[in-house]
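Please put together the full structure from these sequences, using the hints given.
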Amino acid sequence: MPANNSARLDFLQDDLQQKSSEVPLEFQTIPELFKDGAFVGVEAFFGKDSSTETVFQTQSPTDSIQADVSSILEKKTKNNSLLSQISAEELEDVLNKLRTVLTLPPGQLDRESELYLEQQISEMLGFEVTNILEGHQLQYNTGKIKALPHLKRHPTDAVKSHEKYQQASMSQKRGAFGWFLEQGKTTADTIQLEKYYIALQLFYSPEWSSSPREIKKWYKYRKMVVLNPFDKVAVVCAVGSIGPQIPVRYQFGASPEVIVEGKFWSSQSNGRAIVLFVDDQQNSIPLGPLTLGIPSKATTS
Amino acid sequence: MNTKILSTTFIGEALEETVLRDILADVPSEQQDTVLQRIAATIGLSTLKYIYESIDDTHKKIAFLHAIPQFLAQELLLADLAEYSENMPQLAREHITRSLLALRTKLKAFTT
Chain A
0 MPANNSARLD FLQDDLQQKS SEVPLEFQTI PELFKDGAFV GVEAFFGKDS STETVFQTQS
60 PTDSIQADVS SILEKKTKNN SLLSQISAEE LEDVLNKLRT VLTLPPGQLD RESELYLEQQ
120 ISEMLGFEVT NILEGHQLQY NTGKIKALPH LKRHPTDAVK SHEKYQQASM SQKRGAFGWF
180 LEQGKTTADT IQLEKYYIAL QLFYSPEWSS SPREIKKWYK YRKMVVLNPF DKVAVVCAVG
240 SIGPQIPVRY QFGASPEVIV EGKFWSSQSN GRAIVLFVDD QQNSIPLGPL TLGIPSKATT
300 S
Chain B
0 MNTKILSTTF IGEALEETVL RDILADVPSE QQDTVLQRIA ATIGLSTLKY IYESIDDTHK
60 KIAFLHAIPQ FLAQELLLAD LAEYSENMPQ LAREHITRSL LALRTKLKAF TT
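Protein sequences, first through last, are from chains A and B. For the first sequence, numbering that gives the first Met the number 0 assigns the number 0 to the initial residue and increments by one for each residue that follows. For the second sequence, numbering that gives the first Met the number 0 assigns the number 0 to the initial residue and increments by one for each residue that follows.
Note that these hints are calculated values from the structure, not bench results. Note that the structure is a prediction, hence the values are computed from the model and not measured. Glycine included, every Cβ here is placed at the ideal spot set by N, Cα and C. Hints are not guaranteed to be accurate.
Stretch-level coverage of chain A by chain B, calculated; a stretch enters the list once three of its residues show a Cβ under 8 Å from a Cβ in chain B [unchecked claim]:
1) 5-18
2) 88-97
3) 112-119
Once the Cα atoms are required to be at most 27 Å apart in a straight line, the calculated DSS-like pairs of lysine-lysine come out as [to be verified]:
4) A:K18 with B:K60
5) B:K107 with A:K18
6) A:K96 with B:K105
7) A:K151 with A:K172
8) B:K48 with A:K34
9) B:K60 with B:K48
10) B:K3 with B:K107
11) A:K262 with A:K151
12) A:K163 with A:K184
13) A:K262 with A:K143
14) B:K105 with B:K48
15) A:K96 with B:K107
16) A:K18 with B:K59
17) B:K60 with A:K34
18) A:K231 with B:K107
19) A:K159 with A:K172
20) A:K143 with A:K231
21) B:K3 with A:K34
22) A:K18 with B:K48
23) A:K96 with A:K262
24) B:K48 with B:K107
25) A:K145 with A:K159
26) A:K184 with A:K216
27) A:K18 with B:K105
28) A:K151 with A:K163
29) A:K18 with B:K3
30) A:K34 with B:K59
31) B:K105 with A:K231
32) A:K219 with A:K145
33) A:K262 with A:K145
34) A:K143 with A:K163
35) A:K184 with A:K172
36) A:K34 with A:K18
37) A:K231 with A:K145
Spelled out as C-alpha cells, the structure:
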C-alpha cells in the first residue's frame with residue numbers, strides 16, 4: 000500500500016478514536032457504541048450489515064491497546080509531524096479561501112463557503128463562530144470596515160482618559176447603546192467593551208423595521224469576530240454602536256483599537272474584513288486580537 | 000463507490016456524494032470501502048454527539064440516548080430527529096456537511 004494511503008487510513012482511525020474519547024459519558028451506557036467502557040469502533044455503524052464485514056479491516060481501539068507499545072509510540076511520532084503538516088496546509092487553504100471571498104463585492108457568503116469556513120475558523124480560533132446565531136443574521140458578512148473614533152464611556156469622558164490611540168479623537172455623541180457603564184460606574188469590563196467595539200448597520204437590516212427594540216437589545220454588546228486573513232489576524236469585539244451611516248462605501252465600523260490591532264490599515268487588507276458571530280454563551284472568550292494560526296489542538300496532539 | 004456502505008448508516012442520507020467522490024478519487028479502489036467506512040463512522044459519532052448536545056430538554060436527551068440503537072439499525076432516519084426539536088434534522092444535515100467538507104480538506108493533504 001502506498002505510504003500516503005496508509006497515512007490516510009491511520010489519520011482516519013486516529014480521528015475516530017479522538018471523537019470517541021470526546022463523546023459525552025452518557026454514551027458509554029449504549030452497548031452498541033461502547034463495550035466495557037471502550038468504543039467498539041467502526042463496527043458500531045456497520046456491524047448490523049454482514050455484507051460489509053468482509054471489506055472491513057479496521058483495527059479497534061482494544062486491539063491498539065494490545066499492540067506493541069514501541070510500535071504505537073513510533074506511529075504516534077509519525078502522526079504528530081503528519082498532523083502538523085496537514086494543519087499548515089489546511090490553514091493556508093482556509094486563509095486563501097477567505098482572501099478570495101474578500102475580493103468579491105460586499106455581501107453574504109454562499110452556503111457551502113459559509114458551512115466550510117464556520118467549521119474551519121472555529122477550529123482555528125478554538126471557539127464557535129457562526130453566520131446565524133439564534134435566528135439572527137447580518138446583512139453583510141464581508142465588506143469594508145471604517146475606522147471610527149473612540150466612544151464616550153460616560154458624560155464627562157475625555158479622549159485623554161483612553162489608554163491608546165488618542166489621535167483617533169472621540170465621538171461627540173455617545174454610542175447607540177448608551178454609556179459604557181455598569182450600575183453607573185466604569186469598570187474593567189466596560190472599558191474593554193469600548194476598547195474593542197464594532198458598529199453594525201442594523202438600521203438597514205430587514206428585521207430592524209419589524210422589531211427595532213428587540214433587535215437593538217439582542218445586538219447590544221453581542222460578541223463578534225472580525226477577520227483579517229491578509230495579515231492573519233482576528234479581533235474578538237463587542238457590538239457597541241450602530242453605523243456607519245452610508246452603507247455603500249463601508250459595511251462595518253470599529254474602534255481605533257480594532258482597526259490598529261487587527262491591521263485593517265495595511266495595504267494588503269485595505270479595510271476588507273469578514274465578520275461572524277461568536278457563540279459565547281458562557282461569556283468566557285475575552286475581547287481582543289488573536290493570531291490566525293495553526294489550531295493548537297492539531298499541533299499538540 | 001460502494002453505495003451499500005452509505006445506505007447502512009443513518010448519516011448516509013445526508014452525505015454529499017459529489018464530495019465523497021472527490022475524496023475517493025485519490026484513493027485506490029481496494030481501499031475505498033475502508034476509507035468510506037471510517038469517514039462514515041467518524042462523522043456518525045460526531046453527529047450523534049452534536050445532536051445529543053444540541054437537545055436542551057433533559058427528558059428528550061434521555062429519549063435520544065435510548066433511540067441511538069434505532070438510528071444505528073436504520074430504523075429511524077434524520078427526519079425523525081424533529082421529535083427532539085423542529086429544526087434538528089436541518090441542523091444535523093448541516094453538521095454532516097460541515098464535517099465532510101472538513102475531512103475532505105484534511106484528506107486532500109495526503110494527495111501528493
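Do the hints match the structure? See the list:
With 9 residues having a Cβ less than 8 Å from any Cβ of chain B, the stretch 5-18 of chain A passes the three-residue criterion, so the hint holds. With 4 residues having a Cβ less than 8 Å from any Cβ of chain B, the stretch 88-97 of chain A passes the three-residue criterion, so the hint holds. Only residues whose beta carbon comes within less than 8 Å of a beta carbon in chain B count, and the stretch 112-119 of chain A has 5; three or more means the coverage holds. For the hint pairing A:K18 with B:K60, the CA-to-CA distance comes to about 19 Å; that is within 27 Å, so the pair holds.
Simply put, B:K107 and A:K18 have alpha-carbon atoms about 20 Å apart, close enough for the 27 Å limit, and the pair holds. The suggested pairing of A:K96 with B:K105 holds, with an alpha-carbon distance near 15 Å, which does not exceed 27 Å. At most 27 Å may separate the alpha-carbon atoms for a hinted pair to count; A:K151 and A:K172 meet this at roughly 7 Å. A distance of roughly 18 Å separates the Cα atoms of B:K48 and A:K34; the hinted pair therefore holds under the 27 Å criterion.
Note on B:K60 and B:K48: the hinted pairing holds, with a Cα-Cα distance of about 11 Å set against a maximum of 27 Å. Taking the CA atoms of B:K3 and B:K107, the gap is about 24 Å. The hint holds against a cut of 27 Å. Straight-line distance between C-alpha atoms of A:K262 and A:K151 comes to about 23 Å, which keeps the hinted pair within the 27 Å bound. Of the supplied pair hints, the one linking A:K163 and A:K184 holds, its CA atoms being roughly 21 Å apart against a limit of 27 Å.
This hinted pair checks out: A:K262 and A:K143 have alpha carbons roughly 13 Å apart, not beyond 27 Å. At roughly 21 Å between alpha-carbon atoms, B:K105 and B:K48 fall within 27 Å of each other, so this suggested pair holds. For the hint linking A:K96 to B:K107, the alpha-carbon distance of about 15 Å falls within 27 Å, and the restraint holds. With a C-alpha separation of about 23 Å, the suggested pair A:K18 and B:K59 falls inside the 27 Å cut-off, and the hint holds.
The hinted pair formed by B:K60 and A:K34 meets the criterion: a straight-line CA distance of about 21 Å does not exceed 27 Å. Of the pairs offered as hints, the one joining A:K231 and B:K107 holds, with about 23 Å between alpha carbons and a cut-off of 27 Å not exceeded. A C-alpha spacing of about 16 Å is found between A:K159 and A:K172, which places the hinted pair at or below 27 Å, so the restraint holds. Taking the CA atoms of A:K143 and A:K231, the gap is about 17 Å. The hint holds against a cut of 27 Å.
Taking the CA atoms of B:K3 and A:K34, the gap is near 26 Å; set against the 27 Å cutoff, the hint holds. For the suggested pair A:K18 and B:K48, the alpha carbons sit about 9 Å apart, so the restraint of at most 27 Å is met. The straight-line distance between the Cα atoms of A:K96 and A:K262 is roughly 19 Å, inside the 27 Å bound, and the hint therefore holds. Taking the CA atoms of B:K48 and B:K107, the gap is about 25 Å. The hint holds against a cut of 27 Å.
Distance hint between A:K145 and A:K159 is fulfilled; the C-alpha atoms sit about 22 Å from each other, no more than 27 Å. For the given pair, A:K184 sits about 20 Å from A:K216 by alpha-carbon distance, which is consistent with the 27 Å threshold. Annotation: proposed proximity of A:K18 to B:K105 holds, straight-line Cα distance about 15 Å (limit 27 Å). The hinted pair formed by A:K151 and A:K163 meets the criterion: a straight-line CA distance of about 14 Å does not exceed 27 Å.
In summary, the hint linking A:K18 to B:K3 is supported, as the alpha carbons are separated by about 24 Å, within the 27 Å threshold. Of the pairs offered as hints, the one joining A:K34 and B:K59 holds, with about 24 Å between alpha carbons and a cut-off of 27 Å not exceeded. The straight-line distance between the Cα atoms of B:K105 and A:K231 is roughly 20 Å, inside the 27 Å bound, and the hint therefore holds. Among the hinted pairs, A:K219 with A:K145 is consistent with the structure: their alpha-carbon atoms are about 19 Å apart, no more than 27 Å.
Between A:K262 and A:K145 the CA atoms are separated by roughly 12 Å; this keeps the pair inside 27 Å, and the hint holds. Of the supplied pair hints, the one linking A:K143 and A:K163 holds, its CA atoms being roughly 23 Å apart against a limit of 27 Å. Taking the CA atoms of A:K184 and A:K172, the gap is about 19 Å. The hint holds against a cut of 27 Å. At roughly 16 Å between alpha-carbon atoms, A:K34 and A:K18 fall within 27 Å of each other, so this suggested pair holds.
Between the alpha carbons of A:K231 and A:K145 the distance comes to roughly 19 Å, so the proposed pair stays at or under 27 Å and holds.
Going through the hint list in order, the structure satisfies each hint without exception.
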